[in-house]
Structures are given as C-alpha cells and as structure tokens.
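Below, each chain spelled out in residue letters.
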Amino acid sequence: MTRAIALACACALAPSGAAAHQLTVFASVDCEAVLVEAKFSNGNAVQQGDVRVLDGQNTLMLTLPIGEDGTVAVPLDSVDHSGGLSIEVDTGSHDNYWIVTPDDIARNCQS
Amino acid sequence: MPVLKHLLAVWLFLFATAGATAQEQPRVVAVNHPLQYFAERLLGDDADVVFPVPAGVDPSFWRPAIADISMIQSADLILLNGAGFATWVDRVSLPRSKLVNTTAAIEDQFIVTESITHSHGDGGEHSHEGLASYTWLDPALAIAQAEAVAVAITARDLASAEDVDARLAALRRDLEALDAETAGALAGVANIAIITTHPRYEYLARRYGLSVTALEWEAGATPDEAGLAALRAIIEDKGAQVLIWEAQPSAAAFDMTGALGLRNVVFPPLAHGVDGSSYIEAFADAVSALAGAGSE
Chain A
1 MTRAIALACA CALAPSGAAA HQLTVFASVD CEAVLVEAKF SNGNAVQQGD
51 VRVLDGQNTL MLTLPIGEDG TVAVPLDSVD HSGGLSIEVD TGSHDNYWIV
101 TPDDIARNCQ S
Chain B
112 MPVLKHLLAV WLFLFATAGA TAQEQPRVVA VNHPLQYFAE RLLGDDADVV
162 FPVPAGVDPS FWRPAIADIS MIQSADLILL NGAGFATWVD RVSLPRSKLV
212 NTTAAIEDQF IVTESITHSH GDGGEHSHEG LASYTWLDPA LAIAQAEAVA
262 VAITARDLAS AEDVDARLAA LRRDLEALDA ETAGALAGVA NIAIITTHPR
312 YEYLARRYGL SVTALEWEAG ATPDEAGLAA LRAIIEDKGA QVLIWEAQPS
362 AAAFDMTGAL GLRNVVFPPL AHGVDGSSYI EAFADAVSAL AGAGSE
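Residue numbers (the working numbering), protein chains in the order written: chain A, 1 to 111; chain B, 112 to 407.
Hints listed in this document are in silico derivations from the structure and should not be mistaken for laboratory results.
Keep in mind that this is a model prediction, so the values were computed, not measured.
Just so you know, even glycine gets a beta-carbon here, dropped at the ideal spot from N, CA and C.
Warning: the hint list may mix true and false statements.
[Said to hold, decoys possible] A few chain A residues facing chain B, derived, Cβ under 10 Å:
1) Thr24
2) Gly67
3) Thr71
4) Asn96
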C-alpha cells in the first residue's frame, strides 16, 4: 500500500515525459555541414548513440554513429536539405531532436 | 473591348491589393490556447493569431514539422508560456527579437516539482527538478501573462497603445471576475480530498486551497489494473471523494472509478481550447462542474 502511494506521488511530481527530456541535442549549420552535439543534462557528452537525419517529409535519409565527444558532422552535400532537416539522437535510453529549417541553412550560409 | 480591359485592370488591382493586405497582416504565434486567447482579445483585428498545435496533440510535448517552424520563425511575435511548457521551443532556432516569455515576471511564483530518480552516463543515480507548467489555471498568474502579452504587442507596434490598454483593462476585469467567481464556487471544495488523473492542476490547487493528489494517467484513457491499484491506495490514504479527469473518458472508465466511490469531473486544463467556449467560459464551466461534484 505504502509503495503504491509512493509510486503515485512520485508520478504526480514528475513532469510528463521527464525521461525523454534529459538529453540535449543542438545542431549548428554552415555552408558545409550540420554539426550535431548531444549532451546529457548533467553536462556529460553522449559517447554512444545513433544520429538520424530526416528530410522535410520526415523521410530517413542517413544514420550515423555519434562520436565519443558527443558530436558528429553531417555534410550538407550528403543529404537533400532543401526542405530542412530533422536531426534525431537516440542513445537507446534517451532520445531528443533538433529541427533545422531551410532558413536556418540559408541564414548561416550567408553569414 | 476597352470596357472589358478596364474591368480587368480594376479586378487585377483589387486582387493585388487584397493579396498585399493579407500578407501585411502581422502574425502572432502562441504556444497554448490561453495565450492565443489573450492575444486575440488584445489585438482585435490588428493581427492574425496562430496556435499551431493540432487538436488531440498535447501542446506540452508537440513535435512540430519543419514547415511549422518555418512559419513560426517568420512570425512577428512568438508568445512563450515559460515554466517549461512546450518543450519544442528548446529544439529549434527562434529569433530572439520576436520571443516573449510571458511568465518572466512571475518566475518567483513557479511551483517546483521533482522528477523520477534515474541514472544515465557516468552520473550515477539522480533526479531532476521540473516546474509545474499550467500557470494559466491560476487567473492571477493569467493576468500577469496577459499583461506581458500587451507589453509585447505595444512594444512591437502591432496595435495602438490606446487600443491595447483598453482591451487589457477589459480582459483584466474578466479574469478578476473569473478569479472571484472561482474562489466563491470552490470554497466548499477546499475540505475535500481530490485526485487528478494527471499533474496539471498545481496552480489551480494553490490558488484556491484545494487538496489534490495526482496520478499519471493518459488523458481520457481507461485505467488499467495498476492504475486502479494506485487510485485505490490514494482513496484509502487520503479519503478522496472527487476524481478530476483532464479529458472525457469512456463510460466504462467513469463506471470503474464511480464504483470506488468517486465523483467524476472533467476539468479540461485548457492548453487546447474547448469547442464553442472561450478560455474564460470553459474555465468557468469546469469550475462549476467541480463545485457541483464537491457539493454532492
């Protein structure tokens, strides 16, 4: 009984989807590539995981292993980025994403 | 023939003018329905207000498409709720000059929650703090958010300051009336232990002194055996008499919880609008239902 109440209370206090929120993904763009960075919320870099690159229609174009420093570069000429890109990082236990719009690419390429 | 050419020229002119007007109308994006409602009240016809989350999708955890983000990036004003609401805003690039966090001035009134303890990487077992996000269920906080929206609209010259001031005064009056009516209606519920199917009602409970224990059920879903076991445990421990659902469940679900002695109430948390009702009307209707359940 006490365990059931404790579980209910723990759930009550938990922000929904909490487990999915503890991985931070960021992607920056230049004219050559999208640089993807993934960290846990404690600051540790992700050391193992897959980076999935999807196009504007949400079609998977590329899957890459993330580097030991928690980064990976996706060359722009390796993907169709005309409709923007969705970058997903999945460590097996955590996942998150970053969205790159066509404007993001154009803006950063011009700067 | 010259008459026809003249008519065609006039038609083309009107068509082009109409198109230009449509394009020139400013666009404001809101991350939830209450902010959409405040912006619409404050802007009147001076701008288009867009709440881009489809019906049936939880705006807290909506994953936008790339085209959605392109549309949002080109808006004139983007109204954020803050308090950790709408996780997608941290997963895209948004123009800072157009962003307004409508709870920036009331962060000292946030309710801090604690997430489930877990572990990952080399960090060992730990837990993360979170924030209760549904600030607009406290009308006093909603007023502060509406004021932030008004300041942002005026600062960006999306409507005249005189018009916005007058509209804000009317909106504030409506929200103050909602607050007073809610306080009166829920006064009789303060002594009743309430269970909610999801942790959405922290600010409502604090504002009106409600005793609330939350479960973690999916909106409107029929509970499984584990869910019912957790519910029974809370009933036994707290003596709960009322169960708040965030969405209408099946009749079978109502029967299950009713059989445990609970009075069922649907109180939509209003992140989405309710068809046919404004934010204030839907809030008042839900309060009325809760007060009715408490007095049975």
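Hints versus structure:
1. Thr24: With a minimum Cβ separation of about 8 Å from chain B (threshold 10 Å), the hint on Thr24/A holds.
2. Gly67: Since chain B brings no Cβ nearer than about 15 Å to Gly67/A, farther than 10 Å, the hint is violated.
3. Thr71: 16 Å, violated
4. Asn96: This interface hint holds because 7 Å falls under the 10 Å limit.
The structure shown violates the earlier hints numbered 2, 3.
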